[in-house]
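Can you build the whole structure from these sequences, using the hints too?
Listed below, chain by chain, are the residues.
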Amino acid sequence: MGAARNALYYLVHPNQLRSIIQWKVWHEPVHRRNTEDETETEAACFQYLDLTSRSFSAVIKELNPELLMPICLFYLVLRGLDTIEDDMTIDIKEKEPLLRNFSVHMEQDGWTFDKNGPNEKDRELLVHFDSVIVELKKVKKPYYEIIKDITIKMGNGMADYAINAEHNINGINTIDEYELYCHYVAGLVGEGLTRLFVASELANPQLLVRTDLTESMGQMLQKINIIRDVHEDWVDKRRFWPKEIWSQYVNNWDDLFAIENREKALQCSSHMVLNALKHADECLFYMAGIRDQSVFNFVAIPQSMAIATLELVFRNPAIFERNIKITKGDACQLMIESTQNLRVVCDVFRKYIKRIHKKNDPRDPNYLAISTQCGKIEQFIESIFPTQDPKKIEAAAKPAEPTMDTGEAFMLVASVVATLALIGLLMVGLAWFMGARMDKFFNNMDNFLGGSAPKVTPSLIPVPGRDEL
Amino acid sequence: MASEKKPALGSVMVIGGCGFLGHHVVRVLLRDYNCSVSVIDLRCTRNRRPESDGVSYHEADITDAAKLESIFSQTKPDVVIHTASPPAQSNDSVSHALFKKVNVDGTAAVVKACQKTGVKALVYTSSASVMSDNRSDLINADERWPTVRGSQQSEYYSETKAAAEELVLAANRAPEAPKLLTCSIRPSGIMGEGDTMVLYHLINILHQGRSGVQVGNNDNLFDFTYVENVAHGHLLAARALLLTAASKTIPLDTERVDGEAFLITNDSPVYFWDFARAVWAAAGSPHGTEHVRVLPRSVGMVLGYCSEWFFWAIGKPPTFNRQRIVYSCMTRYYDISKAKKRLGYQPLVSLEDGIKRSVKWTLEQQESAKKA
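Protein sequence lines, in the order shown, are assigned to chains B and P. Quick note on numbering: the working numbering labels position 384 of the first sequence as 384, and the sequence is numbered without any gaps. Quick note on numbering: the working numbering labels position 81 of the second sequence as 1081, and the sequence is numbered without any gaps.
In short, the hints are calculated from the structure, not lab data. These numbers were taken from a predicted model, which means no experiment stands behind them. Quick reminder that beta carbons are idealized off the backbone N, C-alpha and C, glycines included. Honestly, I wouldn't trust all of these hints.
Claimed, not checked - Only some residues are given here: those of chain P computed to face chain B with a beta carbon under 10 Å: (1) Trp-1145; (2) Gln-1152; (3) Asn-1266; (4) Ala-1281; (5) Asp-1335.
Take a look at the structure:
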């Protein structure tokens, strides 16, 4: 996109620009990394973090100092593993032991690896892996044990996939295989992180009991990436969508991308979206167990991005043509809303759930299942933040006793209303001046006023609502 | 359940056992339980089981206390499932009198007959609508919500269901018969084979080509329940009451079933118009949502108001009114954790399968009506 095109885009979408500015200008990190007395190897680690991760480096760097370095190193170790696994120029005979023994190498002083292909984008990390090893030795024992344990599990998982000929030729067949794959690439990371959060007393220890919640966090992120990247992966001749799902819609994988099968492909993608959506309520539940603001931000930002991405890809034919992404303005808006509290994140989920339900098509075989899944997520949010209180409803049902004559009451109410209106107006003006978000308010206003009134004939509404027998 | 041993319910009496819900209760009893089944209904000609099932049918009006008692003395039920209720379709003074007579007086007679003949368990079919004032939303409501009574309750039908439920629950361990245990089931939006209301109306709308109008923004969640799940809920409750009766101790407050009301749904709240569209799709509608025009609630209310005046002027009951607009825009769904925890309830049939079965049945009915 050229600069002129950018300028034009933001001229037409001022809200997007506003979100970006708001995030860049007003966002105050919970913790700021102290760079003054940083050692050389520490600085190197953060340099590689920036190099290897665009989305995660910012949130990692704002983490609670207790977990800052352990999680940064955890990320770099897993990235190192990933770089070996991804590299198709490494012979499998060499790759398998490398993956399985990575947890040994990461304890060998001065270990580096320079046999990655020249095009491997993160090869620099492994070339200078000795810096990471120096820092790993300084990590507190309990945290280090967690990092090591996950590295062993993931290394073995990756090695198993690498030598699995059936998997390499036919890709993923069943939904179980699909979820097992997501477990290895994302669920395990989640497990490690949860253990780190609990070990540092920044999360509720119950999260170690409800391991299904952690698993859902990883599954949700990974599945949504897999749905979004379907075209890119297809071009690269990789397939992660399970045959058990796509074979219900097309006979051959390649048919999914043929223009004449677009409706079938969309239905197939709905099926994939439905499969990912089943984790959403557990993700919210998981986030309720986080006790530290910086950790909350760290886990909530990717989830909000994920639910927004899910809405973007849902019934969107573009996913079969190119790689699509949420806009930068939306991303900034989501980051603002993910760095507050669970209630605001629930509102984000609800907003995107409603959009998904609006896009749902009755001709899609997954229509009702998606609708009830959206309903289930809304119901779950209600269960943690109830709108109604039975005690208040009961109290309201009793007629109140009159305590004032009406003339007096009217004057009192009128003066209160006038005062409130004046203060309100001043506050709204001031808030806007200071950069408050009023887009939501105006969107609501717009919805309320929007929609034309078509002519109707009487008796077009079904009678529901009573529980007839 | 074929491989396991079926749970025993002894002798079971289903009042209203030829009705919409009642005949499903009879069907599930015969399928899932070890018991002998009798039925009382006003007319026992429709929805009758084949002779080989061994169900004994008795024609009686439940407001006839003496007749009820004599049938009870003869069949000696351990369990009574009371599902009888007139259809809630109309709202005039004639139907009001009928609601009062059947729901309140009839239920009082059933309670008395149970007390006099040594019945162990009475399960009453109430309605989730007893908690609704038909105006306000019910958002994830559970049994802690108050019932809406008297002048607050705009539907007289719901008022009589609530009054009857009160009678039934008051009879639990009452001095007249301390051994009689009772509970109440509150289903929401029942649909299924035999339903001549919700599904029938919706499919008519489709056939008249009126599926293209949506009132309100369709963000309102609603609970619809497949009839077999409602029947299942009743029988789990009956079983729990019998187990309570057999145990020597009174259960803890957090576990008890006797004297309690239970909401029963499909545990799948769904957006109101999504439900309608799922029904239409199952009935063969080729439409997506591209033909749908959205009528804002406020405009619908004005039109409903005009319609009410118009029909008042021509002296007929309105076919379209504000209440219909309110219903289609109202959020009304429930949290059924209590039934899940205390009754072990889980829906047997998903909403999707329930819709498919119900629509198939409704279409077959309409087809055979056309031929006749």
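Cross-check of the supplied hints:
1. Below 10 Å, beta-carbon pairs count as interface contacts, and P/Trp-1145 has one with chain B at about 5 Å; its hint therefore holds.
2. For P/Gln-1152, the interface hint holds, since its Cβ comes within 10 Å of a Cβ in chain B; the closest pair sits about 6 Å apart.
3. Given the 10 Å rule on beta carbons, the hint for P/Asn-1266 holds: about 9 Å separates it from the nearest Cβ of chain B.
4. The beta carbon of P/Ala-1281 comes within 5 Å of a beta carbon in chain B, closer than 10 Å, and the hint placing it at the interface holds.
5. Here the hint on P/Asp-1335 is kept, as its CB sits about 7 Å from the closest CB of chain B, short of 10 Å.
Violated hints for the displayed structure: none, as all numbered hints are satisfied.
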